Amino acid sequence: MTSMIEPEVVELMERSNKHPSTAEAQLTEAEIEEIEREFSRYEDKASVGLEALRIVQKHRGWISDETLRAVSNFLQIPVAQLESVATYFQLIFRQPVGKEVILLCKSASCWIMGCSRLQQKLQNKLQIAPGQTTADGIFTLLETPCLGDCDKAPVMMVGEEMHRNLTDESIDKIIENKKAHHADQSPD
Amino acid sequence: MLTNPLTKNIGPENIAADIERYRESGGYRGWSKALEMAPGDIVKMVQDGGLRGRGGAGFNTGLKWSFVPRGADSPSIKYLVCNADEMEPGTFKDRLLMERDPHLLIEGMAIAAYAIGAHTAYIFIRGEYHLAAERLEQAIDEARQEGLLGNSIRGTEFSLEIFVHRSAGNYICGEETALLNALEGKRAVPRAKPPFPQVSGLWGKPTVVNNVETLCNIPNLIEHGIDWYRSLGRGEDAGSKLFGVSGRVKNPGTWELPMGTPIREIIEQHAGGMCDGYQLKGFLPGGGSTDFLGPDHLDLPMDYDVIGKAGSRMGTGTIIVLDDHTCPVGLVLNLTRFFARESCGWCTPCRDGLPWAVQILERLENGEGVPEDLDLLREQARRMGPGNTFCALAPGAAEPIQSALKLFEQDFIDHVMHGCCPFEKVAEASAAV
Ligand SMILES: Cc1cc2nc3c(=O)[nH]c(=O)nc-3n(C[C@H](O)[C@H](O)[C@H](O)COP(=O)(O)O)c2cc1C
Ligand code: SF4
Ligand code: FES
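In order, the protein sequences belong to chains A and B.
Once you know that position 127 of the first sequence is 127 in the working numbering, the rest is easy, because the numbers rise by one and skip nothing.
Once you know that position 409 of the second sequence is 409 in the working numbering, the rest is easy, because the numbers rise by one and skip nothing.
Hints may contain errors.
[To be verified] Cross-link-like lysine-lysine pairs, in silico, DSS-like; alpha carbons within 30 Å at most:
#1 B/Lys186 x A/Lys45
#2 A/Lys125 x A/Lys179
#3 B/Lys186 x A/Lys58
[Stated by the list, open to error] So the derived list for chain A, only partly shown, Cβ under 10 Å to chain B, looks like this:
#4 Val79
#5 Gln81
#6 Ile92
#7 Cys110
#8 Pro145
#9 Cys150
#10 Ala153
Just so you know, the hints here were simulated from the structure itself, not pulled from any lab data.
Every value quoted in this text rests on a predicted model; they were computed, and no experiment measured them.
Note that CB positions come from ideal geometry on N, CA and C, so glycine has one too.
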């Protein structure tokens, strides 16, 4: 019988079995303060799991195994329980992502209005497929379900910004602007 | 007479009505009035007003509230949760309400919480709605500062805190029991019902989950009364509703209209009719998990039971229009991929049935289908239907499939006969000219 698990996953499992990562990450004071603020809003600490992951991700960009362990230690809940939450949500990143995460809507209204063609255009421009990050580390492209702006389809989100009624030209502009923005910010 | 209670504060500019602006137009009068009423009378009023849940199922809101245990020996802790997870493909109404008039939702929640005896309420909002979440938090702060939320509100014994909980992108969290698991910090799989959340919900306490738009109906219903509220509807159902249209129409958008507004009026008048060169082939009346209807159904009024009898559902009231240049097989494939991806994996007809349906649809769309595929697809849709799964995701996913197979059967057959997608051929030919 062939394995149902994808080869990359098998590889990852083998690697982590051979070299289990034991490095202990610590939460920063700022992270702890923000997480503690959430405690008073819920009946128990375990309920803060997703909020805590989001807070830490905001500071670190993504959730590594070490970070996951640090959060689970802090909340005193099993790593497996927190992992089952972390892997459930598409906006919790268990892999490194670029500085700008692009969420391209692929749902019905955007599909009718031509998001597939725009996606091709975006992929050619960035030279990546969905789930990948550009070589310069700026953009990650993700396909996303309906973004709740269907009357302005096709749409995408870049970071926290919505971009509506997308065209070839507007996509070019959005990407160029972001590139320029990050070029300005890089130290040299 | 007020005819647009949901959108009266919403102008063309993308700004939120602040508390001053909100109060000028009568805001928080419903809340003041409610605080002088007995909670049970509010429940009765909402029930008699005939408000039906705007989250999709159309259940009578007051009746839902009445299932919450009350009285001295009922659990002292109860919760109210606002479902702001809006992720159903083609649905874009709750975002508008939260971004542009956040106080309306806060006031509706305050009244609902008081009616059921909840002192803590959560707004469960999808993670992508950053602006809406910020504006709601701001509105909560403003309301607290004015003593409309917090401890001993307006000198009464009633206290209420409202918290915004940001989710992180997962359609199944919109299902109310999955949502409760998510709020508890658990993996968001649906729960068995019974017990219903009204009896045992969040952390095992009595809990009411209501949609954003449902709650936004409450303040004016309480302020202006049952007769006024019922008179807003044009047909069987009471109140007004946000209707939306997306797809190839001239003026896609959202409008507050009376319940019972005919579909033709929504699509042709408000949405401006089809774009030049396009004809209406069919439409999904209330989001991606409703059955397709066709041009013959355009004169139906948007009332829950009327759309139900026609073989579909009013769902969220946001219409997706399918035009004659867009492939129905492709659209159904797009929807089924979405549902397959969002399945929580708990039950077999959904976890295995949806990817199977995707495979069949891919085969058909790529021109590799065989005639038997149509029956196979019908069978898959039947197996995903009501009663076979733990929650309503799979039955919802089956709706566009089963109805497309009826309404657009010839298009499915054409894919098999021509060995390709005829719509792509046409598009290629016109692109080549
Ligand atoms: C898969 C699935 C997703 C749902 N998503 C939403 C949603 O995003 N928003 C919503 O209000 N209701 C959603 N619902 C319906 C809720 O389960 C629930 O019926 C609703 O929140 C009740 O509120 P109402 O009575 O005010 O309509 C969903 C149901 C299912 C099965
Ligand atoms: S129907 Fe689908 S989403 Fe609902 S419980 Fe079953 S597997 Fe999960
Ligand atoms: S389908 Fe793209 S925003 Fe709704």
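A quick look at each hint next to the structure:
With a C-alpha separation of about 12 Å, the suggested pair B/Lys186 and A/Lys45 falls inside the 30 Å cut-off, and the hint holds. Restraint check: the Cα-Cα separation between A/Lys125 and A/Lys179 comes to about 12 Å, which is no more than 30 Å; the hinted pair holds. Annotation: proposed proximity of B/Lys186 to A/Lys58 holds, straight-line Cα distance about 21 Å (limit 30 Å). Below 10 Å, beta-carbon pairs count as interface contacts, and A/Val79 has none with chain B, the closest being about 14 Å; its hint is therefore violated.
Given hint, A/Gln81 at the interface with chain B, holds; its Cβ is 8 Å from that chain's nearest Cβ, closer than 10 Å. Against a cut-off of 10 Å between C-beta atoms, the interface hint on A/Ile92 holds, since the closest Cβ of chain B lies about 5 Å away. Because the smallest distance between the Cβ of A/Cys110 and any Cβ of chain B comes to about 9 Å, under 10 Å, the interface hint for this residue holds. Among the interface hints, the one on A/Pro145 holds; its C-beta lies about 6 Å from the nearest C-beta in chain B, closer than the 10 Å criterion.
Among the interface hints, the one on A/Cys150 holds; its C-beta lies about 4 Å from the nearest C-beta in chain B, closer than the 10 Å criterion. Among the interface hints, the one on A/Ala153 holds; its C-beta lies about 6 Å from the nearest C-beta in chain B, closer than the 10 Å criterion.
In terms of the numbered hints stated before, the structure departs from hint 4 and from no other.
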